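There are 2 protein chains.
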Amino acid sequence: MLFKQKGILFVLSGPSGVGKGTVRKALFKKDTSLKYSTSMTTRPMRPGEQEGVDYFYRSKEAFEHMIENNQLLEHAEYVGNYYGTPREYVEQQLEEGNDVFLEIEVQGALQVKANFPEGVFIFLSPPSLEELKNRIVSRGTETESLVMNRLNAAKEEIDMMDAYDYVVVNDRVDHAVENVQAIVKSEHCKRERVASEYKKILEVSQS
Amino acid sequence: MLFKQKGILFVLSGPSGVGKGTVRKALFKKDTSLKYSTSMTTRPMRPGEQEGVDYFYRSKEAFEHMIENNQLLEHAEYVGNYYGTPREYVEQQLEEGNDVFLEIEVQGALQVKANFPEGVFIFLSPPSLEELKNRIVSRGTETESLVMNRLNAAKEEIDMMDAYDYVVVNDRVDHAVENVQAIVKSEHCKRERVASEYKKILEVSQS
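Here the protein sequences come in this chain order: Z and A.
Counting in the UniProt record's numbering, the first sequence runs from 1 upward without gaps.
Counting in the UniProt record's numbering, the second sequence runs from 1 upward without gaps.
The hints are simulated quantities; they were obtained by calculation from the structure and are not laboratory data.
Hints may be right or wrong, so weigh each one.
No distinction is drawn between identical chains; accordingly, a pair holds when it is met within one copy or between any pair of copies.
[As the list claims (entries may be wrong)] Heads up, simulated DSSO-like pairs for lysine-lysine below, C-alpha to C-alpha not over 30 angstroms straight-line:
#1 K190 with K133
#2 K29 with K200
#3 K155 with K200
#4 K29 with K6
#5 K6 with K60
#6 K60 with K4
#7 K6 with K155
#8 K200 with K30
#9 K60 with K185
#10 K60 with K199
#11 K155 with K190
#12 K60 with K200
Here the structure is a predicted model, which is why all the values come from computation and not from measurement.
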């Protein structure tokens with residue numbers, strides 16, 4: 001890079017059971033330049049957890065105040081607690097030139113897209129529904145009817161694919177990671193992001 | 001890939017002296033899946049050259065006939081001979097699922113874009129005009145006034161950057177090659193290219 005480029009927000013999402021967490025962890029082992037977006041929550045801090053590392057911990061009142069003031073890129077309630085993505089942390093990292101990486105459920109990703117359409121949205125797709133079912137079953141914690149529920153939810157989530165910029169199939173974790181890395185690299189070469197800066201440089205060096 | 005995807009036409013272009021040929025050669029050493037588009041010419045075959053390898057060799061009449069019938073993606077005349085890119089070879093390769101790679105002058109790239117807008121256009125940019133001047137001078141075959149002419153032409157060509165999809169800076173050949181490879185990989189993950197096929201697969205495997 002010949003100039004300090006603004007960071008890009010990448011959002012990895014896909015149906016539950018597709019392996020988003022596995023791909024994200026494998027990606028972060030290979031690529032240390034991406035910043036993981038730390039979520040905010042109202043659930044109490046557990047032993048061993050750290051503010052700003054595992055979560056940002058806030059009171060319910062503070063969290064609701066942030067919702068009202070549009071300070072979250074997305075949020076959801078789960079078992080009585082809020083979870084969300086604070087906008088300020090993301091924007092600060094981008095301003096400093098760091099790429100931010102969000103790994104998130106489909107509903108959350110669609111909220112982020114509504115609040116931050118300039119993000120790059122990557123849909124992680126299972127190679128087949130058969131395979132997705134196997135992965136859900138192999139977690140071993142679900143009854144047959146729960147598996148069918150989750151599979152039906154997954155089908156609805158797969159229908160949301162059209163809201164995304166890229167589709168990466170998770171047939172093998174290393175392939176998926178390579179494709180995500182290629183997307184990150186190529187997005188930084190997009191003409192609309194860089195042309196005006198390059199033109200400036202090439203005119204400055206003229207004189 | 002879970003299905004046979006159509007190939008993509010990639011066009012690498014940029015001002016003369018930027019190092020397009022060097023980047024293309026280094027890329028083809030690393031990536032053997034890309035098909036290089038063989039040009040067509042009216043100049044006579046030279047000893048050691050082969051039809052379909054170095055060029056497709058045609059008579060002036062045949063070439064002009066192809067121009068009239070829009071069978072060339074671009075063409076130019078140089079020292080009394082025609083040079084051009086036959087559309088049929090490119091389309092056949094794409095249909096067979098092969099990516100085609102074209103390395104070409106800016107004027108030719110703009111013609112290709114007019115004739116084949118679904119191509120992916122990559123502008124190879126010099127890190128600075130100073131550097132471009134050095135590269136033109138170091139070829140050693142040009143007088144000072146010719147160097148200035150070529151540099152002025154280059155400035156006009158840099159202004160064409162906005163017609164391209166990506167800008168890759170040729171600060172180091174290996175960096176430029178990595179970026180081009182990332183672009184090739186990520187373009188195959190573009191949602192508009194693959195979503196409908198993935199959806200088909202994921203619905204088929206439902207039953």
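Comparing the hints with the structure gives:
Proximity of K190 and K133 under a CA criterion of 30 angstroms is satisfied inter-copy only: 26 angstroms between copies versus 37 angstroms inside one chain copy. Taking the closest pair of Cα atoms, K29 and K200 never come within 30 angstroms of each other, the shortest separation being 36 angstroms inside a single copy and 33 angstroms across copies. In this assembly of identical chains, the alpha carbons of K155 and K200 lie at most 30 angstroms apart only when taken from different copies (12 angstroms versus 47 angstroms within one copy). Only within a single protomer do K29 and K6 lie at most 30 angstroms apart by alpha-carbon distance; the minimum there is 23 angstroms, versus 33 angstroms between protomers.
Within a single copy, K6 and K60 get their C-alpha atoms no closer than 33 angstroms, and across copies no closer than 51 angstroms, so neither meets the 30 angstroms cut-off. For the identical chains of this complex, K60 and K4 are neighbours neither inside a copy (38 angstroms) nor across copies (51 angstroms), given an alpha-carbon limit of 30 angstroms. In this assembly of identical chains, K6 and K155 lie within 30 angstroms of each other by CA distance solely across copies; the values are 26 angstroms between and 36 angstroms within a copy. For the homomeric pair K200 and K30, neither the shortest alpha-carbon distance inside one copy (33 angstroms) nor that between copies (32 angstroms) is at most 30 angstroms.
When the C-alpha separation of K60 and K185 is checked against a cutoff of 30 angstroms, the pair qualifies neither within a copy, at 39 angstroms, nor between copies, at 44 angstroms. For the homomeric pair K60 and K199, neither the shortest alpha-carbon distance inside one copy (49 angstroms) nor that between copies (40 angstroms) is at most 30 angstroms. Proximity of K155 to K190 under the C-alpha cut-off of 30 angstroms is restricted to the inter-copy arrangement: shortest distance 20 angstroms between copies versus 32 angstroms within a copy. Neither within a single protomer nor between protomers do K60 and K200 lie at most 30 angstroms apart by alpha-carbon distance, with minima of 48 angstroms and 43 angstroms respectively.
The structure does not agree with the numbered hints 2, 5, 6, 8, 9, 10, 12 stated previously, though it agrees with the rest.
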